[in-house]
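Each chain is listed here by its residues.
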Amino acid sequence: MISQFFVLSQRGDNIVFRDYRGEVQKGSPETFFRKVKFWKEDADGDAPPVFNVDGVNYFHVKVAGLLFVATTRINVSPSLVLELLQRTARVIKDYLGVLNEDSFRKNFVLVYELLDEVIDFGYAQTTSTEVLKSYVFNEPIVIESALPLGPASIFMQGTKRMPGTAITKSVVANEPGGRKREEIFVDVIEKISVTFNSSGFILTSEIDGTIQMKSYLTGNPEIRLALNEDLSIGTSDYRGSGAVILDDCNFHESVHLDSFDIDRTLSLVPPDGEFPVMNYRITQAFKPPFRINALIEETGPLKAEVTIKVRAEFNSSINANTVLVQMPLPTFTARVNFELEPGAVGHTTDFKEANKRLEWGLKKVVGGSEHTLRAKLTFSQELHGNIMKEAGPLSMTFTIPMYNSSRLQVKYLQIAKKSKAHNPYRWVRYVTQANSYVARL
Amino acid sequence: MAPPPPQSNRSPSPSQPSGKSEVSDLKLQLRQLAGSRAPGTDDSKRDLFKKVISNMTIGIDVSSLFGEMVMCSATSDIVLKKMCYLYVGNYAKVNPDLALLTINFLQRDCKDQDPMIRGLALRSLCSLRVANLVEYLVGPLGSGLKDNNSYVRTVAVIGVLKLYHISATTCIDADFPETLKHLMLNDQDTQVVANCLSALQEIWTLESTTSEEAARERENLHSKPYVYYFLNRIKEFSEWAQCLVMELVAKYIPSDNSEIFDIMNLLEDRLQHANGAVVLATTKVFLHLTLSMADVHQQVYERIKAPLLTQVSSGSPEQSYAILSHLHLLVMRAPYIFSSDYKHFYCQYNEPSYVKKLKLEMLTAVANESNTYEIVTELCEYAANVDIPIARESIRAVGKIALQQYDVNAIVDRLLQFLEMEKDYVTSEALVLVKDLLRKYPQWSQDCIAVVGNISSNNVQEPKAKAALIWMLGEYSQDMHDAPYVLESLVENWDEEHSAEVRLHLLTAVMKCFFKRPPETQKALGAALAAGLADFHQDVHDRALFYYRLLQYNVSVAESVVNPPKQAVSVFADTQSSEVKDRIFDEFNSLSVVYQKPSYMFTDKEHRGTLEFSDELGNLSINAETGDSVVPAQRVEENDKDLLLSTTEKDDVRDPGSNGSAYNAPSYNGSVPSATSQPLADLAFSSTGATGQAPAPGLAIDDLLGLDFSVGTATTPSPPPLTLNPKAVLDPGTFQQKWRQLPISLSEEYSLSPLGIASLVTPNALLRHMQSHSIQCIASGGQSPNFKFFFFAQKAEEASIYLVECIINTSSAKSQIKIKADDQSSSQAFSTLFQSALSKFGLP
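Chains as they are written, first to last, in the working numbering: chain A, 1 to 441; chain B, 1 to 844.
The following block holds chain B by itself, in its conformation from the complex (with noise of 0.2 Å):
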């Protein structure tokens, strides 16, 4: 016998025994007892058996022990004999040639009369893993799925399993699947059927690849006449069984909506389950179904509303965890349900800070007009939380609903409150914050300004606030009285300035000041120059020595370079593509959920389970990566781009504007109907006098800013020489699957003229109207004050398509339009005739 291989895995604990010397002692006692039928010899048995799984337990190999535990395991014991299958299952797959040797009493005992041991010897002959053994399997499997007692049914059925994946040719030879589908549609014992159900999914996926046969019955599977049969027995599977029944269920397609309100009126009640499995996989079917009506889905995400909340407070922290993030991914679809409900979302000083970071995000989500005062105010109080990192996030959350709120007055305040904390990490945060606020309302640059003014930069250390604040100091130097001097400073201090970032910030803001302030620049623009161009890192030396060639070609190109007139940015982009979002909603109650990434971003392809979904999109890009069992994120994360490239047919033209860097590139663009055409500068002079002056209409971030001037139907713009198909059509299944492959090329909010509103009575009152527009409706729903409508457009000439998702909410006047479009560079202009019609609704 081989001595025992050495250990890498040995215990961790010093008061566990070496091993070696105690395997040797126990292997001489299974000697002395194998032979014993002396009374009491069960129980010194079980003392060993103990002791020897004690060791196998921590680790310690006692492997070696095999034959004597073999020879000893000829009992009436039960208890030994389960210690004694626990041990052969755990070894036999390295002791192969021994493992034979158990073959036999385990034979023996399947066919023994207690159906208990029967189940066991099956159980543990399945157990063993060895190959070279499976002939012995077949006989014992097919008389255990014959068996009349349930137990060894459900065993025999894992059981086939199991063989499967020692050796799949055996265990389909034997034709084990089609005898599992036949105990599957007939067993009277709903775990038997559970587990032929679980057998079948595996094996007939793996199968898959190769017979074309295990497709078809892998896709039956989710066939009507065997959902329903799953259905009506719902009640009699265990709660496990009844998620996997509601896994299957979720991938039903039914054939029409009475189908899919049966599904639901039987389901409704699994909401009510203490178990909050049984409650999510509920959840996904009932949001699965329910994709394709609009306002039925809506209703969906008010009715699991209250469960969900329920088993949030309810379970152990880990299971409300699991939960949280669900409703974390309902939120951020759909924050406007979910806008009363934010006191739910208040972090517990208790909380571990994963959980708090979700909440955080979830309050960022629902913020709108009614509530934001309230979540800014809360979440104010977290910032000067002693918990630093989720400080830090607090103040991010604020600066995230000033950038999507329109009334940003107090939040602004608050802000500025943040930086005369004098908390460093509150004070780096903030400057952060402030410079994107900027950069989206350029009308509050009088008011951050004296305050950033005061702030020194001695004591603004971390990276990301330093260049914040450079770039300020830049772009507002005519305004920040000390600004060339500041950075006259920093230039001086070069060399000890540890970050490029920062560095190349420097350069930018220096040549800015240079444009503005010309006498008092000079020497710092030199000074700069020469640095840069002396810096051992390549970006910022490259930047050094294309300004230096640029202010020698030519200074007032240069000028229009660095100091472009520059558009507001509208949105900044989002970290996710909605693509992405809507994979991970379609892996609703998985992992991919709690991760926030699709499921091919962290699991190979043979583990991606049951799950996997099967439209094209999802063919297409995992596709993609095969051939790399283990594909690095960096790549994925390529692939994802490129995919998302090749479905959108002009992507080249995008708003420059919503370019993410804090180095706009300069917007010649001509493609963009920039009414902006006064440079910034002249903007932050002009405002000085009178914040309310309107920028020139016509662009979208007018309406944003529309609280600031009149709004309703007096600033409609006239309509551009856009014009639509007014016969367009396009069927709901192509619209869903655009809808998914687009991404949202614009984003806004209306105002609705009073009297639009008095005539919202009925969501087809207002598609009627749009319709005399060429804007035509594909689903629509909702109850008053809150309308939800899909839109579609086409563009005259062309097959190009708008998609619009417009929510009403009547009460507050205002509605939200999400559009997406195969042409981006003409949203705008679309966006525009949109709201044209829509505020012509209601008129006489």
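Looking at chain A on its own, in the form it has when it is part of the complex (with noise of 0.2 Å):
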């Protein structure tokens, strides 16, 4: 069980703060905001999310920039803990629409009265945004965003027929008008991570994917939602070559499987707000969406060459957005001239002096296309050892809409309710994103 839970933002300040059980001194959200604060000077890196002062267990997950911490004086289950503020982050992300401090600040009052529901003497009661619409009262004051954050965000972009406030509405507020729309949203996300090793071969890849749902059904209709009927899960379920085989999976407990052996078939009534079907995790060899080629060489004593070739390797209807190159250089950098392709649109170069890092930015990059950036090293002193081990290795970061990797698709997504007339809008998006993209020297 939890003693306190309290919200701080990105300056430390508190923007809810509640004492459950009265076994933590008032203090602690200044001791706790200290301690992260000052984490990466007295040891090095980021504070882990769980860390103990005096006796207190301080646990907390970043969300939207916000910090979600509660205390505990008792041994308990960092997992269920770190689970409950994620989920009463995700709770109020449901009431609000949007999460960020100004919509907590306008609406806190709403968050306590949350907050009062979700636990209680700091043992959890109920996280199902379902269940608490019944015992809350506040109406959310909701805040427009020009930015919503989380992962409705990636679908912002290049989505035209998408209206773009869709995903960020409350689950309670009522559309302008009075009338609720009916949609519901089914996302395949994946996460992908590939290493390269120097000669481009690919070392390790994984794809960490979620079919995220959002529904804004009336009357909780029952949802069939078929996958691909070749779907394998572990290696010990063959189904024929060429197959997407998952290594493993897991699924929300409102998912019912009698079908699922059979025909790949999910059979649920989703709950209100967002959460995820099924969670899945493949190491099957898969085609990488970007190849990348980098070269380093001495060019003379205190000169070296940086030659980045980056080529997509997907279908020329698709584009990919906010890509992100980087690549940290030798430590005695000390200016970098850069030179790009001839005609080379939207994109930035930057050489981050601080960590000695090269970036190099492409907004858009259209399928099967090829872009390449030389830069010119100058150093301020003569290296020692090899070049290639004072460099690299270079990561990527991108976002591929309507593409995906796995090949795991969503066959059709069914809603039980026809009697009447109106039919539903139903938005099944698929997006693709760089986890840890890696390629060596």
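It is possible that part of the hints are untrue.
Stated by the list, open to error - Computed cross-link-like contacts, PhoX-like style, restricted to lysine-lysine with a CA-CA straight-line distance of at most 20 Å:
{"hint": "1", "chain 1": "B", "residue 1": "Lys357", "chain 2": "A", "residue 2": "Lys40"}
{"hint": "2", "chain 1": "B", "residue 1": "Lys400", "chain 2": "B", "residue 2": "Lys818"}
{"hint": "3", "chain 1": "B", "residue 1": "Lys51", "chain 2": "A", "residue 2": "Lys106"}
{"hint": "4", "chain 1": "B", "residue 1": "Lys343", "chain 2": "A", "residue 2": "Lys191"}
{"hint": "5", "chain 1": "A", "residue 1": "Lys356", "chain 2": "B", "residue 2": "Lys423"}
FYI, nobody ran anything at the bench for these hints, they're computed from the structure.
Please dock the two separately framed chains into a single complex, following the hints provided.
Here is the structure:
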């Protein structure tokens, strides 16, 4: 059980503070924030999500730039508390539509109301947005957000037919005009990790996928979600060559798997709010969306040249967004001169002096295209060792909407309620993001 | 009314109002609204209440508004009511007199028609935390527990717990625990049931210190009827309550194996839950239920691997860390099960360093013959990492792998490449590692010394690295041409050396060098002793004085003290005792795993929670530290050591080689059959020509180096005069207890003969064979190629017992042995006996 719950802004201000058991001193937010802030200076790296100061255990998760914190003196399950914090954040987001400091401050009474029902005397009661609806009376003050945070934001670019605010509306607030729009979102989000060795071979690759659902349907109809029939789980469950093989997966508790083994269909009555229907993990080889080539050569006593080539290996109808290539350069790098290919549009280059890092941003990369960057480095001191050991590895981040690496698909999305004339909007969207996309020199 | 006390925790943000003037302003406005019945009053009240609560949140004391807030609370607006309840709950404790004012309207609301209002009022009533108001709680709580609405009942159950914390006697006198117990077993609503369980666990745990009945009730919760009752309803519970139930089940002791399988079958689908907390709780049940069944236990590891890995990669980074910490614990306990999953433990460049550290340790643990090359290659990539602490850890990891492997060829090359990378921190870490490596594998000295000799001591600044370099200069001074001169120049700069550790090493190294190359070192020795005697650091001074007097007394004695025949270190002392590790395992799915410490090291006794384990060992150590509520970590560790000493019967005779310090005490100790009687110096010389020259057999180290010379049945040593009781008996309970208590005294790897492997179709074949050698099996299991056995044996004429964990991999024809013994001094002899018996397996 937990003793206190609080939310801090990035600057360390208390936005909400709920003391459930009175076992931990009131000044805990200050203690906590000081510790987190100085962790980098005292030790190294970020503060771990769980730590102990003077017998008090502090748990925290970062959501949308805010720190959700719980304290306790008891030796509890860290996994339970961290999950509870994460879920509390999600419930609050379901109600507020947008989760940020501003929406929190405007709605803190509603947040207190939620916190009272989610946790009582430190024990989790319910984190179901649905159940909470009957206990919560404050109306959310909806914040108009230009840039929604969280997984929703990745769909904002590229998909023009999507109403921009759809996924950021509150589950309880009504649309302007008083009518609720019947719609359901199913998002297949895949985060990919690939490591290439110096000769371009793939050393490791993994896909971490989630099928995320957010339902705004009234009357809680049952939904059937059909996936590829050739989907295999584990190597023992082989369904022919070319099949999508999941190493493992797990499901939301509302999911019924009665016919999953037969036809790969999930049936569920989606609860209100956002939740993951299924998480899965794939280590089966897949075609990486980008090929990267990087070269660093000494060209003189105090000079070297870096050449980076990026090739988009996906269909030309698809674009990758917000591509960023980064590479640590040798410590003694003093100056960098960049040379972009002629006619490059939307490219940015930068040399981050402080951490000696090269950054190359590409706003949009069309499938099938190739881009090259040359950078001439000047050193302030002569290098001793092997220059290859002084630079790299190169890493890349990107988002590719309407593309998924695993070929896992939602074949159809069926809503049981058919009697009414109107047909709810159904959105099935795919997106691939880089988690750790690294090329070694 | 008293003025508000000065605020210590004022808002850190400068944009917030100073408070005082605004509070009095709010007070005025609240007063105006209190009696008003004009339309729109509620809306104005809402705005005002929000301001009050906003101030409360940022730490401004608004308790002086208590009276006004209560006056304004007469309303039917539920949003207003909730805000008022929140305020009252926060300040009632500091304003007990005024809190009395609220009792009236709260009690009235407890009888409201709307169950929402009843529940809310009851929750607020119980949250006042004012001792002299408890009499007003009993009535509403009693009817709340009988309410026909489940929401009110869930609130009432937690209310009972709140009452208990305000006034335990009132709660007990009202017989509430008994009511809760009834509700727990009969209520239709699972959240009511779950809350009853939480409340009763807390109440009975606290009561059990004074009441035997409460202690009995608490124990009863782990009994079959209760556990089955909860298990049968498990899927009705919320995911949080499922965690609660599974924590209870993990402590249940089933009567037979079929019961264990029934429970595991029932809970298996919980491993596919998206909530990591549920998955971990299930994992704990599986692990704890199967502790006594070695083979099933191993299968459990295999079963939980995939779900845990999925949890690590699917959740938020924080949640992923919590799961990874548990996976780390499992990997450390059974690395061989995870050896093919090593790629999952590769670090990603964007991971926080606390995650990387865990992964590096896991990579180190799972390294074995088949994956070492790839793991070490990966680790070498991290050594050039921009994140210097991680780069250091990676180099250390390479070194650790080198120390635990027998095929160190490739690794030594990599380490030496580190030395040539010319990065300060890389050189430093690599030097320390090369030193450790040489202590274990002296035969590598030629290769290492050639590279180390090229490193200028001026380029090494870190004390640890410098000390390592100096140690090598002293130890191998006959092989390093300029050793005396390097040492001499170091002695000349004595005053500039700030680290006492380095100066201590320097003294010893000069002494060692002196006995090997007297004419060249004499001058340096004189200077070093003089500087040492004048040193302000006590230890340095003492050591210099000691050496001086030793030399004065007898030079040849001095030589045998400083340059004794050395035995290679077989196993470096583990940082954590196996007893501590087992205790952490007992506390699976708790903070102990994340902190890598048992709970008594970081919690006060009263906060140890329901996870407190009840076996004798635990109580023993917990009792040892009662008296102080906050025990400094240092003292607790000492207690822990005492405990260890008391549980091992003869601990004084230890393998001198396993001494962790860089300076080994001279090993005159006759109790160890020291076959390497030739001085290390000779060994190093003689190995110049033939590295393959084997030291005399009979020592553990030979087996570790087994790959260098012919292996298999040919090297079977003749059994020493240790005889075993052919009819030894030990019950499984005692075995488990002993296994937990005793430290590992030997950990080795043998090769098996091809004939033996061929005969090992079923575990039983080996059991019968070992039995014929007076070694009994207590548990066995596994499937080809991995088998696991637990053996025990007893000395023929004493009660002294040996315990063995033996893991055999038939594909690699290797067996890993861990020996624990009552009498540690004879464990070496026993190991030889065991190996001899094992090597005869399969022979006609």
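Checked hints:
1. B:Lys357 <-> A:Lys40: holds, 15 Å
2. B:Lys400 <-> B:Lys818: holds, 19 Å
3. B:Lys51 <-> A:Lys106: Cα-Cα ~11 Å, so holds.
4. B:Lys343 <-> A:Lys191: holds, 17 Å
5. A:Lys356 <-> B:Lys423: Measuring from Cα to Cα gives roughly 17 Å; hence the hint holds.
In the structure shown, no violation is registered for any of the earlier numbered hints.
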